[in-house]
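Chemist: What follows is each chain in one-letter form.
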Amino acid sequence: MKLAKAYGYLKKDLNEIEQTINEVVQAKHPVLRKASTQLLQAGGKRIRPVFVLLSGQMGTYDLERLKIVAVSLELIHTATLVHDDVIDDADIRRGMPTIRQTYGNRVAMYAGDYILARALEEITLLQDAKIHHLLSKTIVEVCKGEIEQIKDKFDSSQGLRNYLRRIKRKTALLIATSCKLGAIASGLPEMEAHKLYLYGYNIGMSYQIIDDILDFTGSEKELGKPAGNDLLQGNLTLPVFLAMRKPALKDKVIQGLQAPSEIREKHMKEIVEDIKSTNAIDDSYQISNRYLEKALRQLEGFSDSRAKQTLLQIGKYIGKRRT
Amino acid sequence: MNRSAKDIHYVKTEIEKKIKHSYLEKYIDKPTIDEEKLFLLMEMMNHSSLPESHKQRYIVTTMLVQMALDTHDKVPSLTSPNENEDVKLQKQLHVLAGDYYSGLYYLVLAEISDFGFIRLLASTIKEINEYKMKLYYNEIDSLQEYMLIRNLIDTRLLVQVASFLNISMMGKIVEKWLLVIKLINDIEHFNARKMQVHSWVNSFFDKGELSKQLTALLQQLEDEVRKISSIYSSLSNYLETEITSIKKAYVSIMGEEG
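These protein sequence lines map, in sequence, to chains H and R. For the first sequence, my numbering assigns the number 302 to the initial residue and increments by one for each residue that follows. For the second sequence, my numbering assigns the number 14 to the initial residue and increments by one for each residue that follows.
Source of the hints: derived by calculation from the structure; they are not laboratory data. Ideal placement from N, C-alpha and C gives every residue a C-beta, glycine not left out. The reader is advised that the hints may include incorrect statements.
Derived contacts from chain R toward chain H, CB cut-off under 10 Å, selection only [stated by the list, open to error]:
{"no.": "1", "residue": "Y23"}
{"no.": "2", "residue": "K30"}
{"no.": "3", "residue": "H34"}
{"no.": "4", "residue": "Y36"}
{"no.": "5", "residue": "V88"}
{"no.": "6", "residue": "L91"}
{"no.": "7", "residue": "L102"}
{"no.": "8", "residue": "A110"}
{"no.": "9", "residue": "Y114"}
{"no.": "10", "residue": "V121"}
{"no.": "11", "residue": "L122"}
{"no.": "12", "residue": "G129"}
{"no.": "13", "residue": "A135"}
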């Protein structure tokens, strides 16, 4: 089953969110307007708005309030991606040229800043201290996580904790925040909102681990980049940490990371194959599943509802994701 | 050190504490904290009826936004095909540092649930980026227009803060004073023949025109400063002294040809 089918009944509300996102980024300057809408119009899973709406359905569903949260979160995520493409010198995202590729770094910086500013303008329409406390903390943590990612690149002495902290900040926090903000905006008590936060956090961790596994197991066609690209870029992910339990492979990884860039690719191709031949992939799936189980357990106290069923389905879908 | 210099030092230290990040500090220069803007902001806040804790947060967050915008301007317009690892790291960290300072501004204001000020700063960032696009694409037909846009980019934050505090008169003064500083810099650069701005802007520059603008601006500023002198005595004293010394120095700068 496709993920989108699980929440197909939210289509009308998601369309409204989509329309508002598009309205919100209509800058006056024509190039800024084009740049700001370019990535948003290229699609994307809109998983954060989905979590906002589903969490919102667990309380008193108010689409107008939830829409503000969902739009802001999607814009914050988009602004991050626009700036990430400058960091990574990326040419393509979601199958389309990146803003930095089309207009240059500087316009990408202005567009990212513009989109983030619009997100903050939007979210202040909701004057709820809890929303702003959580969202502002999350934004700062996400930024710290990105800096950590650069710091940890090619560092073979880092531990598994670095990786887990990184993916928490990179992916899990914004999903957790989407769930909790949806809950807060629809008036759920703190305890239930926190459970939804933990659901989102664990789903995010599981999702990112699987993404990191797929970087090894996916084909170039599926990934849009060569397998093992994360490692080639110096990013150590869970399968690498687990494979490095074998001393010989650990030495090889260290050598590969230290190799001059001209020959690194050849080294890494070999290492990718070596990693795939160990238990590292299976073990990574097991760890991902543990996060998933924790996520699903958070829903146990909620009475049965369509939203709860959908949150469960999304979790199960993520667990089974192999492409 | 007079009282305001001590205060400026204190707030600067608070801002530096707020942005402290060991990895960023290791690889990129500390962002510049514009003391002139900091002083002007402090003057504005000193005369507002805000609680002390809010005043400092407003100053710190406005400066954080300024630093975020300035840091992002350090990202090169295009990535060189020969970009080495050090240059790449600098570029990456300038992107992230700017984002980090933006996040901090939101966090500091969220802590006191000041939604109005969060919104004001966000709205001004949006506006400034619109102006930056105009400048980036050279959509300017005259020196006056160039200066107007450049000045909007430079002063919009402080002007909007003044307006938020219901002291628009201060906004006008701040706008003019910061433009005076820019014009003085232009004239000095012009004299030293090291105008670093785009070549198309150079073609607009005319020393006589700059001189005329500066004279008119100083006059307007003096008039406006007089109007606020009874309330903002320390600021008006400061500006009056500065205007007098600029007038003297200005004669020597423009002397040979002016």
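Chemist: Confirm or reject each hint.
Modeler: Results of checking the hints against the structure:
| no. | hint | result |
| --- | --- | --- |
| 1 | Y23 | violated, 24 Å |
| 2 | K30 | violated, 15 Å |
| 3 | H34 | holds, 7 Å |
| 4 | Y36 | holds, 5 Å |
| 5 | V88 | holds, 5 Å |
| 6 | L91 | holds, 5 Å |
| 7 | L102 | holds, 7 Å |
| 8 | A110 | holds, 8 Å |
| 9 | Y114 | holds, 9 Å |
| 10 | V121 | holds, 8 Å |
| 11 | L122 | holds, 8 Å |
| 12 | G129 | holds, 8 Å |
| 13 | A135 | holds, 4 Å |
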